[in-house]
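**Q** Listed here are the chains, written in short residue letters.
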Amino acid sequence: MRAPNPKIRLPLGSPILELRQLGKSFPGVKVLDGVDFELRRGEVHVLLGENGAGKSTLAKILSGACQKDSGEILLDGQPAEIRNPRHAWALGIGMIYQELNLAPNLTVAENIFLGREHTLVPGVISDRQMRTQAREILDGLRVPLDVRARLGTLGIAQQQMVEIAKALSLHARILIMDEPTSALTGQEIRELFATMRGLKERGVAIIYISHRLEELAEIGDRVTVLRDGHSVATRAVGEVEVSELIRLMVNRELQEQYPRRRTARGAELLRVEHLTQNGRLRDISFVLHRGEVLGLAGLLGSGRSRLARALFGAEPIDSGAIFLEGRPCRIDSPGQAIKLGIGFLAEDRRTDGLVLMLSLRENTSLPSLARFCRWGVVGRARERCASEQYRRQLRIRSQGIEQSVNLLSGGNQQKVVLSKWLCAQARLFIFDEPTRGIDVGAKVEIYEWMNQLTAAGSAILMISSDMPEILGMSDRVLTLCRGAITAELDAEEASQEAIMRGALGVGASPASFSAASPSVAGEKVRPDPDAPDRFNRAQHEQVP
Amino acid sequence: MNKSPELTAPSPEGLRSAESSAVSVGRGRIGRILSRYGRQLGTVTGLLLLCGALTALTPYFLTISNLLNVVQQTAINAIIAAGMTFVIITAGIDLSVGSIVAFAGVVLGSALAGGHSAFFSVMAGLVVGLLCGAANGVLIAFGELPPFIVTLGTMSVARGAALVYTHGRPISGFSAGFRFLATGHVWRIPMPVLIMLAVYGVGHFLLSRTKLGRYTYAIGGNEQATRLSGVNVRLYKTLVYGISGLLSGLAAVILTARLDSAQPIAGIMYELDAIAATVIGGTSLMGGEGKMFGTLVGALIMGVLRDGLNLLNVSSYIQQIVIGSVIIIAVFLDITLKKTKT
Ligand SMILES: Nc1ncnc2c1ncn2[C@@H]1O[C@H](COP(=O)(O)OP(=O)(O)OP(=O)(O)O)[C@@H](O)[C@H]1O
Ligand SMILES: [Mg+2]
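If you read the protein sequences in the order shown, they are chains P and R.
For the first sequence, my numbering assigns the number 1 to the initial residue and increments by one for each residue that follows.
For the second sequence, my numbering assigns the number 545 to the initial residue and increments by one for each residue that follows.
Everything labelled a hint here was simulated from the structure, so no lab data went into it.
Just so it is clear, the structure is predicted and the values come from calculations on it, not from any experiment.
C-beta: ideal position from N, C-alpha, C; glycine also.
You can take every hint at face value.
Coverage of chain R stretches by chain P, computed from C-beta distances (three or more under 8 Å per stretch; other residues unrestricted):
1. 750-758
2. 767-781
To spell it out: a stretch of chain P is covered by chain R in this simulated footprint if at least three of its residues, at any positions, have a beta carbon under 8 Å from a beta carbon of chain R; those stretches are:
3. 349-356
4. 370-378
The shape of chain P in the complex, shown without the other chains:
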């Protein structure tokens, strides 16, 4: 857990927003059932809750994206109706959605000002002004992005920063942030927090949704826990233990947050030798044994996801060799990789992981459909049975297995992606941010799965931006920097400092990496002469 920052507490102002007995149902399910909530001027109010507790639904009601069924919303003490997103803007409410809502074919600047384009004459857009302002906002966030880059070419974390910039450009009085950090690494998170502190000083009230509990102490003032559609408690952050919050959220005790049970290292499963891809992956060699969890750490754009995709046959490689159980293999397509027993949980669940309009069942069986088929006809009973099983075991909150996954909450969608690969019964799992957007309780369950898989002789290559997760769950850690492996650390050697050093690819002094030191954080963003194109590289992490 990060050290709490000496906090500048503003005198907490009067409530700017109040919710009374807010209720909301969707066909067949009551999502919010009497939520009371109060937001004060200049505070960061953290909203916690399990996956599917109704956090995003609450946020969407406030941003006008959906309508409440019952209850009251008071803005500045006056009852208010929030009719639609535009109306919410007019009322001074800005929102960063959990799932990115950007247009991939437009540029960064165009996305930031989408719907509110500056016009010279009505209908004629002033590009230059828009770009200048977009750059100002991004500079404020210390994100060196080209405002003319098309969004589709950026990695998911950079897209997230654009989404944040978009919300900031609204100059909202109330800012709602739904899991803004789930795709970000330490660096961007610090910049985001610095920006949030600035906003607080200006009296902006922020509702902050996150499953990363260690962020709480750093940025939160008060915290409200939602469980099963009720607000179960509101506390001041300084006066509450994390363990109590967890208990409030999941309604039971959690023994351990990272319950890694090491298994004896088995035979070699994967060996990679001199893997190279056109300057983006440079001479990568490592081995992975049965029963092992190998953590892969690195900054955004360091090539982590690219390496994962290359191993899965989703990216071409220029040279190098891959051996599975000592046998050399050519992996040209994901189909081949799956036949060889490799599973790949991709980082962006909405573009790479799920077919959103299909059901839980159809998504779960997609990679392993052939197993359920005879003569090309799907054996529906067995398919249903398998899908039911994973829904139960992963405790996916849905209305049965026939519900289409776009109606699930973010964390539950992530669980569906996981169930896909568990169902495919791989022996080598490549997990790219496996617990993105997953609540603390469910994370532990997923870690237990990882224990079971490794105990059964599978191996896991785990990419994660979540430092405690890397430290807590890996048996060995590789660090990647600019497409090359910079360090290999076993569980004892691995520490936050050592990993950060490796990730930066330099022998910087350990002191400069303590989590909450904004002054040093600032220096690191300045383009490092060795890596002038670090952020441009990141653009290539997404497949074209």
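Could you slot chain R with the ligands onto chain P? The hints should help.
**A** Chain R with the ligands alone, transformed into the frame defined by chain P:
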């Protein structure tokens, strides 16, 4: 929307039912059935309303012979639209169906005229259709070209090929055995209708029960995620366009048998009717959703509409305007209904 401003404490029942992690409420079942088949029910309602209106407007509509006639007229479009449904579910489009009908038809016709057996000739027609479709598929899947452009191109190529093949002249006069495919009856049901029903039966089975069908939806829903799930997307896309071509070939067989003539200018604007039937039937042009049954009803709506306009003596010029407008209105209704639901 603000229905109950007064404060109500959550009832203990409410608490308990929400506690159980599988949050499903009693009306979930009906809701789910409605959400799954609601769109098809809408199309059926549209068809019934149209039939009701025509019954009121003209005494000639609701007669057995007229209805049989409508279904028979619909068969060709319905068969093409069945293939179109596969294609559109993958988020593609096939503009070449009409030209493939012409090309497959003239190959079939010349084989018959050249003295080959009806069976061989029919097979030749079907294979030509299949190959044209597969060519579309290969260019789209392996060449990574946009379906609109590829099939626009083959639309012209196949039409030209049909004209070259026949020097622009129709081929006529076939055996009664061959003509049975269009004019014959089995159990008093016209052959084209039987063939159409068979196509829809098989199509429904393929879409809802088989790997091919599942992958068709998955590709249309999210091609990238499907590829990353190990599906050979290129192969299945090729297959889907192949199916569309094959069914165009089948339509060519029936058309040739019905007209007793293979014409290189046959099938002009067939793509419009097929796309319209598919879209009216609830298949989204964005891909990922659609049902065989919906397309069948969509094709019937198109058929009834044309028949009704004929019975009402509406000039063929005005018919075009009406039909175009109906397509736009149907899609408009579909999209606005979807928006209000979510
Ligand atoms: N349109 C919808 N139709 C039916 N159910 C829905 C719909 N939208 C959301 N739900 C359900 O409402 C519940 C709450 O969803 P919500 O997205 O608010 O959860 P959340 O607290 O944000 O969870 P997470 O931490 O996973 O993001 C979920 O069980 C979800 O399946
Ligand atoms: Mg959410």
